[in-house]
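Protein chains: 8
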Amino acid sequence: MSKVGIIMGSDSDIPVMKDATEMLDELQISYEVTISSAHRTPDDTADWAREARDRGVEVIIAGAGASAALPGVGAAYTELPVIGVPLKAWAFDGMDALLSIAQMPPGVPVATVGVNGAKNGALMAARIMAASDEGLRDHLREYGEKQASVVRQKNARLQENGMGEY
Amino acid sequence: MSKVGIIMGSDSDIPVMKDATEMLDELQISYEVTISSAHRTPDDTADWAREARDRGVEVIIAGAGASAALPGVGAAYTELPVIGVPLKAWAFDGMDALLSIAQMPPGVPVATVGVNGAKNGALMAARIMAASDEGLRDHLREYGEKQASVVRQKNARLQENGMGEY
Amino acid sequence: MSKVGIIMGSDSDIPVMKDATEMLDELQISYEVTISSAHRTPDDTADWAREARDRGVEVIIAGAGASAALPGVGAAYTELPVIGVPLKAWAFDGMDALLSIAQMPPGVPVATVGVNGAKNGALMAARIMAASDEGLRDHLREYGEKQASVVRQKNARLQENGMGEY
Amino acid sequence: MSKVGIIMGSDSDIPVMKDATEMLDELQISYEVTISSAHRTPDDTADWAREARDRGVEVIIAGAGASAALPGVGAAYTELPVIGVPLKAWAFDGMDALLSIAQMPPGVPVATVGVNGAKNGALMAARIMAASDEGLRDHLREYGEKQASVVRQKNARLQENGMGEY
Amino acid sequence: MSKVGIIMGSDSDIPVMKDATEMLDELQISYEVTISSAHRTPDDTADWAREARDRGVEVIIAGAGASAALPGVGAAYTELPVIGVPLKAWAFDGMDALLSIAQMPPGVPVATVGVNGAKNGALMAARIMAASDEGLRDHLREYGEKQASVVRQKNARLQENGMGEY
Amino acid sequence: MSKVGIIMGSDSDIPVMKDATEMLDELQISYEVTISSAHRTPDDTADWAREARDRGVEVIIAGAGASAALPGVGAAYTELPVIGVPLKAWAFDGMDALLSIAQMPPGVPVATVGVNGAKNGALMAARIMAASDEGLRDHLREYGEKQASVVRQKNARLQENGMGEY
Amino acid sequence: MSKVGIIMGSDSDIPVMKDATEMLDELQISYEVTISSAHRTPDDTADWAREARDRGVEVIIAGAGASAALPGVGAAYTELPVIGVPLKAWAFDGMDALLSIAQMPPGVPVATVGVNGAKNGALMAARIMAASDEGLRDHLREYGEKQASVVRQKNARLQENGMGEY
Amino acid sequence: MSKVGIIMGSDSDIPVMKDATEMLDELQISYEVTISSAHRTPDDTADWAREARDRGVEVIIAGAGASAALPGVGAAYTELPVIGVPLKAWAFDGMDALLSIAQMPPGVPVATVGVNGAKNGALMAARIMAASDEGLRDHLREYGEKQASVVRQKNARLQENGMGEY
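Protein chains in written order, with the numbering used here: chain A, 1 to 166; chain B, 1 to 166; chain C, 1 to 166; chain D, 1 to 166; chain E, 1 to 166; chain F, 1 to 166; chain G, 1 to 166; chain H, 1 to 166.
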């Protein structure tokens, strides 16, 4: 059963949102991915969100650019936690999406990550689900240690080679 | 029968949106006003938009601040022209709402007016309906002439009194 | 007789504004296209706007970048509804044009669409004219359904192929 | 045992962060509140985050303004989900804090809510904990229904009184 | 005969634009002041600009807020130098006007001063006219020396009193 | 004798500032061009500005990016009119330079043109000098007419060929 | 002999810059304070910077708003470290000054602190001078400990009183 | 013994931060370079800063993009002067990092240079250390003279060749 429900408004969002699925794969978290638009297929999207819990979804990740209504629609139709990923679209480097997603009205929360931050969206979903999943918690700890170790390896290489030869 | 359907997400929007109803009153255009939230009562809002034409609505004016999804929801559920009024909320002087409303995805248009521009929202609705309503066109022409005349009177007063005594 | 009057300040705007004419072609809406500048040929532009209704124009679409005065000039010289398309120019990703077009003074409305949003400009014009044109309303409904169906096809392809192979 | 750990850098943040504790009170969620600064008491803050899980904390809410490093510090020292609340400080309406908190590097996620959005921070915490707490899920559903009902009551009042007398 | 032609779109601009007339008074430069709107009285405004030289105007100062088309209209209808003063209006601290006025298309220049910078608008007009007016050049030099002397007096007071007692 | 004094801080500014010299060439206005930096050769720059009038300079055009102090330095050391051209540098699309140049303190004016607007800088200089130079005024009028005629030719071509073949 | 040289362009900057002198007083660091303007008294300012070292100044703090050239002028005329304090002026919440001061051209550095950050300007000066002054280093350590202790006291009060009664 | 401690969060920062090491090489200042992340290796980073003085570090240069917590972490764990270099990351041209680094809370100062301003970061470090190092002061003076001389050579080439042939 899928634990994370990923939704995006267009297939043009796939190159960025793939960072989320790859991260979930690495953490061995199951997920479903859906293309559905807040503005072009609003009823499908509402149904998708309303029925998410019944499909076994525990956390939603919604990627959207520009006007970026999708995460808010998700949050309006379900009590599941919704993580919004603001995507760069054709202008303003994603600032339009960031403001649309972050500035939700009081009462209907969305958890915003950084612009094009699909990987962090997946990690936030994992942190949320790790509360009741000790195995996942272990995966997250290992992931954090792996990250730290990569940083230390890079530093070791820098100490060895110096700036010029890095 | 109401020709303009005005919708806003909260009664806190009334002080600004009143500029729209006063302008419509002055132009003798009938309207309905509804409070319904894109995020707190999404189904009501979808129904409101979907049934607007059947209620006789010809143009929609949707006022919204911050994340400002309301005009886009309207545009998603009806083929009527939707005018979006970005409202100042608690930060950024309305820039969040302006971007959310203006940056709609290709295929689902919203006609954005300026920040807190409810009066211009009403005038845009009137321009739209005047296409098939000669009486309204006359009202609009008179309104334009009245505006020009007010500017000229102010100038006359300035010429008489000068900057110091204006 | 042309129903939509499209105006832009320079032939460098054609690549973006072509999105509008292609959309109008698809909806079988007649139009005229004119190059005239608010600042370089101000009298021509004023005449163009003043005489638009007599040429049969029902809605104006004005594309402009940077200082972007053209839509406002249109709105000043006619009571027709004017749709402004802010175009990216040489800086600020179109924010200059967006603010110039959206922030019209109370009394003279312009309907702003998103940056480079010529396609939505055409669709907004269609929504406006559909009020008194049942055939056009049918075209718009079909267009909306086609859009939804494209989204659903993309989703079906995604379900079949997954993220990796999409 | 406290389920939500709230942290803020200064007592000047209390007036806004109180929106979070009041919301948690309403949802009957237990919490602890701590003042500790990312820059003035960095070791205390690191310890606080590192030991949060052992104190029974399931979700962290960190409010911070301006440079707003606090949520990121939290996320660096624990695998718990961290919700960041960007606070308005002395300039830029909270844009500095919003960018600092949202734009976390890939690998270390923070869930950002809107500027001064402490109430939504609390609701996001509740959504996260509701996954494994059916009673809380019921509270959230009731809260959502109450919200919707308030919107509908406001609308009913508007229909009765009109814009003028609202 | 008036040497400087000042124009603004509304009498609400007078409190700021008075800084210009007071500066011109101090420099003993004659001027005319007119209220005329680029959008509400476009023909009057065009005529005003077209006939400015014949009225003896040598430099134009145009103050405008928000969409701020007025300086550009002036520059389109005359070869006189036009100084644009972006005024704060109801949002964005004057950024909308600053961009509208500064970002003129190549070929039609406007000389922009700072937001609400009516005083500097007057001084720029004076610098322009001083080219062919030695008396004015003397006035400008004296004004500059007076400014420097005020700064030095303030410094002297500070040296005497210190920060605490200033 | 040179009438326009052009100054820029670095030879990397030449590609943009060449738009100014080409425009001046076209209008047959003589000029001098100097590289001198407000921060790297401050004394040279101060001397350059102080002695500009004695070299016959009537108007200064100063191009600068980023911190963009050069136009202000010019305005501080001479009573000549100074036109500031904000240049795009390594970030923010020239917004840093635009604000630095436009937001001069009251008392020391700079005439700002648009970002990278060297051509308009030259035309503004020409407008300023045309006050006392009838031949130049004729050149400017001809230039304006040529511009208008180019717009009309483009429009004629568009009418002939349509959008598709333009 | 004064160790810190504070300069600001106007006496209107005193209320903010007093935060610097009070912090220096607390750290027992001697200082001089001068009002001199980059644009109104450029020669005085250049002399002030050029002779600073000879007066015993080791670090410069320059406060400036809007166009904010003062710190850069300082950095151009001396090799001493210059700390720039961007001040809020009449628009943009200090963003104009922040960009002017931070975006110095490569080769001439200014150390920028936050908007209105005069206190941090003083502390940065202290950190700089502490390199060769062990007593000052002790003062700074004590100041840091005092800061931490204030945070801890606030937290203790919060634990005792709770959010409601704080 | 290293006098400047350079730290950055990732090896992707090396291409920009190399400007700092090259500048330090030119000024014959010794330095150490470390990769350590504020969020991925927080304890390493805290230790690095805490022990910097004992390793002989006199000034810290910390380069960071996006959320950019690294300079602030440095400043929190040491009394050494910390210079923050905001780096462009994946959005907003470095504005996110600039605000994160500049807007430090009162009490914990960071000296911010411009976006990607690693070279100025190195020069600021040199200015700081020159206070107690006469040889370094000489190097800085020579560097300033070399810079000025380069500007003058460029100007000489321009005078010889003109704009066209430069």
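I should point out that these hints are in silico values taken from the structure, not numbers from a laboratory. Don't take each hint at face value.
Stated by the list, open to error - Cross-link-like lysine to aspartate or glutamate pairs, in silico, EDC-like; alpha carbons within 16 Å at most:
#1 A/146 x H/43
#2 B/154 x E/93
#3 C/146 x A/44
#4 G/88 x E/93
#5 D/18 x G/165
#6 B/3 x B/51
#7 E/88 x B/93
#8 H/154 x F/32
#9 B/154 x E/11
#10 E/154 x G/44
#11 H/88 x F/93
#12 A/146 x H/32
#13 E/18 x B/165
#14 B/88 x D/44
#15 G/154 x D/93
#16 A/3 x A/44
#17 B/88 x E/11
#18 G/146 x D/43
#19 H/146 x F/43
#20 F/88 x C/93
#21 B/88 x B/19
#22 E/146 x G/165
#23 C/88 x A/93
#24 G/154 x D/44
#25 F/154 x C/160
#26 D/88 x G/43
#27 H/18 x A/165
#28 A/154 x H/93
#29 A/88 x H/32
#30 D/146 x B/93
Exercise for review: If any of the earlier hints don't hold here, list their numbers in rising order.
Suggested key: 2, 12, 14, 15, 16, 17, 22, 25, 26, 28, 29, 30
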